[in-house]
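Trainee: Modelling step: build the complete structure from the supplied sequences, incorporating the hints.
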Amino acid sequence: MASNILEGLNEAQREAVVNFDGPSLIIAGAGSGKTRVLTSRIAYMIEQGVDPKQILAMTFTNKAATEMRERIQSMVPNKLSASKAREIWMGTFHSIFLRILRNCAHILEYPSNFTIYDTNDTKNLIKTIIKERGLSEDKYKPGYIASRISVAKNSLVTPGAYISNTALATEDRHRKMPELGNIYVEYCRRCKQNGAMDFDDLLLQTNVLLRDAPEVLARYQDRFKYILVDEYQDTNVAQYTIVRRLSLLHNNVCVVGDDAQSIYSFRGANVELILSFQRDYPDAKVYKLEQNYRSTQTIVEAANSVIEHNSRRMKKRCFSAGERGDKIRIFKAYTDREEADMVVGDLRDRVREGGDEWSEAAILYRTNNQSQALEDVLRRKGIPYRIYKGNSFYDHKEVRDMLGYIRLIINPRDDEAFKRIINTPARGIGDTTVERIAQIAKARGCSMWDAVDTLVDATPADAVERAIIRKVTDFVALIRSLSLSREVVGLYDFGMEVASRSGLLTFYRTQNTPEATSALDNIEELLNSLQLFNEQCEAEIRAGEREQFEKATIEEWLGSIMLATDMDATEEDGNNKVTLMTVHSAKGLEYKYIYIVGCEENLFPSQQAMEQMEELEEERRLFYVALTRAKQLATLSCAEMRFKWGNMEFSRPSRFLSEIDPQYVEADFDVRREQRPRNNDLTPREGESAIDVLRRRFDVRYQQKPAAQKSQPTDGGAGFRSRFGEHSSQSSHHTPKPQPKPQPTVNTANMRRIERPASGITTTSPCAFAEGERVEHPRFGRGTILRIEPMATDHKLVIDFADFGEKTLIARLAKLTKL
DNA sequence: TATGATATCCTTTTT
DNA sequence: GGATATCATA
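Here the first sequence stands for residues 102 to 920, where the numbers follow our numbering.
Read the hints as simulated data drawn from the structure, not as lab findings. Watch out, some of these pointers could steer you wrong.
[What the hints assert, rightly or not] With a straight-line cut-off of 16 angstroms between C-alpha atoms, the simulated EDC-like cross-links for lysine to aspartate or glutamate are:
#	residue 1	residue 2
1	Lys693	Glu454
2	Lys919	Glu874
3	Lys897	Glu874
[Unchecked claim] Label pairs and their computed distance ranges (CB to CB):
#	residue 1	residue 2	range
4	Thr618	Gln149	23 to 33 angstroms
5	Pro561	Lys240	14 to 24 angstroms
6	Tyr394	Thr468	25 to 35 angstroms
Even glycine gets a Cβ: it sits at the ideal position worked out from N, Cα and C.
Mentor: Structure (structure tokens):
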């Protein structure tokens, strides 16, 4: 029968949808209808009689999973199969594995109600361990240790494997952290003791489970006849191995990805995995989706011209059959502040002229902190915006405190939660008391909660213990009684009881600060989320998708909360807003107007990515992702100076700007010429801030009229900044008439003229290094140069480091010293 | 033990 | 610059 699922698909897409048996690799360029193919494939499978229960579909983000589910439901024809579509195992890697692990936790000797530790909990636990071992936190930075452990877990290096690995031991010794392995071991022991898994454990432990429990592996292998993976280029070894194991029986694995959009190597993702798919599955069929339906020809070709600068790529050629479209515009502003002004002003003009919604525009940046300047301007101009920002909601103290209570009640072994809330709000239990409780718990081999829980019912002769009892009695009573009400009252009421009886509510109500008000708002939002979760479950029960007895539980809610991010937040008050977010979070999204700000060296590409070839290429892919979000018009901007940790810093336009084929570009300055290192005259003298430099050079103007500005006369920086950027803001934002485009002020024009170096020197110089030479790098230690390859203006060095293996560095950027 | 003052990190990206 | 952590003091 002719399926209407296939209607409107092009040849390549249709092939990728129809051939659902056997391993498939779908290379899907940006905007090539990847999600559509994936969802059509699943819908088609169901239509062809595949049992939805046998389908496992995994994505990286909740957002992608939700979108996919909704689209499948709208695709399958009748209601019967719509409810069947619900039976697909569909979700993020983490949520799917969480589900498996909850079922099998006992096999791994974890409680089934294990807690999920977020990065904060991880860091705190690591800190405790470092302190206990009498190590210095300066040497052993918790954040760094955490990332090392994360990398190890994502590469499936268990603690045991870690300490017996001599290469790792050498590396740690080289970094002056010989204890790292032991910290890793202890960290895992403590997590287990606390009944907790961190994010990476969800992957690692699933692997352990499938490795060590053949009956479990067999069960899931049998169950998942068809496995589909979205964004395959972002999988790490742990995820890859699970997919591989699960697919060994039926061999029906379908992965969709784009090597050009691999941007998560810092999380252990490995492009090689997509590049080597055909080696792992030799009979895999490969489909290439190369037609871009999203963007104009100009955007697609411009993006192609950038990505061509990368060395490792899969062969594909993306094209657009859409209209040619406008050229990519590049602005240069004087300061970050002026950049924000120009971008927002232009955005407003565009949206108004085009009669568009605000929601059709997005501003992307490399790092979250760049949002500040943009937010200020948007607020000032009265333009509605929404900002995606990591886990910001769960980062709030009051939210974490609430979660602390709930976590302790669910899992009393969770010492991290215990320590967080034992004195929050303050109830006179200080560090010394907590320390003693920890000691008692350690001596007895029980959790801290168990220690106080049993202690209060005893009558010890020990004076210290009696003192503790006096202090914690109320707390123990509180937790006990909350645990009881958890059994009887509904989710929302339970949350409410936690908030009020813990004293958090009164604590914030009694102080009349804006912070307290916002804290109360956040607590309310948390309670609402409980209510919402409950309602959703009830709706599912009514629809028969959930069994009657499967009432919504607080455990389930907590699990979903821990794996959720603000990215998944549902829209509350209207959608018509400009979107602000990092390039990373923009992946998979599209907007009519895209603004990419901060296109500067050391920012995009980021400083630490600059010297290493692989990282630089990842930045370039990131840039590619950013550019290809635009449907109609992409606007890039950079600033000549910007605030970086408190003072002004100069910057040069990003190399990526000059890598775009000029025929697709319209810039207000010479992108290529500006790539040169800037005039030495502007480098600060000793003890001189960037502002001082400018003062020195453009004295007169700045001494003359500090008045007429609302800025503080004492603050040179603010005074300087307010001179720029204010020019387009005087008019009321209610006026519909088009605003004049922000023009460079007289001052800027002057400065630019003076600042530009007069001479044009070519920068191709001979390489400072020779093959076979011994060098030392601050991060990688000593090594030998194996090969030297020329680049446009510099040289690539392939260096074999004693402790880190082969790395490709860029000669002039890498901080190398000859030996 | 609680508070306010000082030090220090940060700035890559997130499930 | 700003947030958070740690320290010194009452």
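Trainee: Go through the numbered hints given earlier and state which of them the structure violates, listing their numbers in rising order.
Mentor: When the structure is compared with the hints, numbers 4, 5 turn out to be violated.
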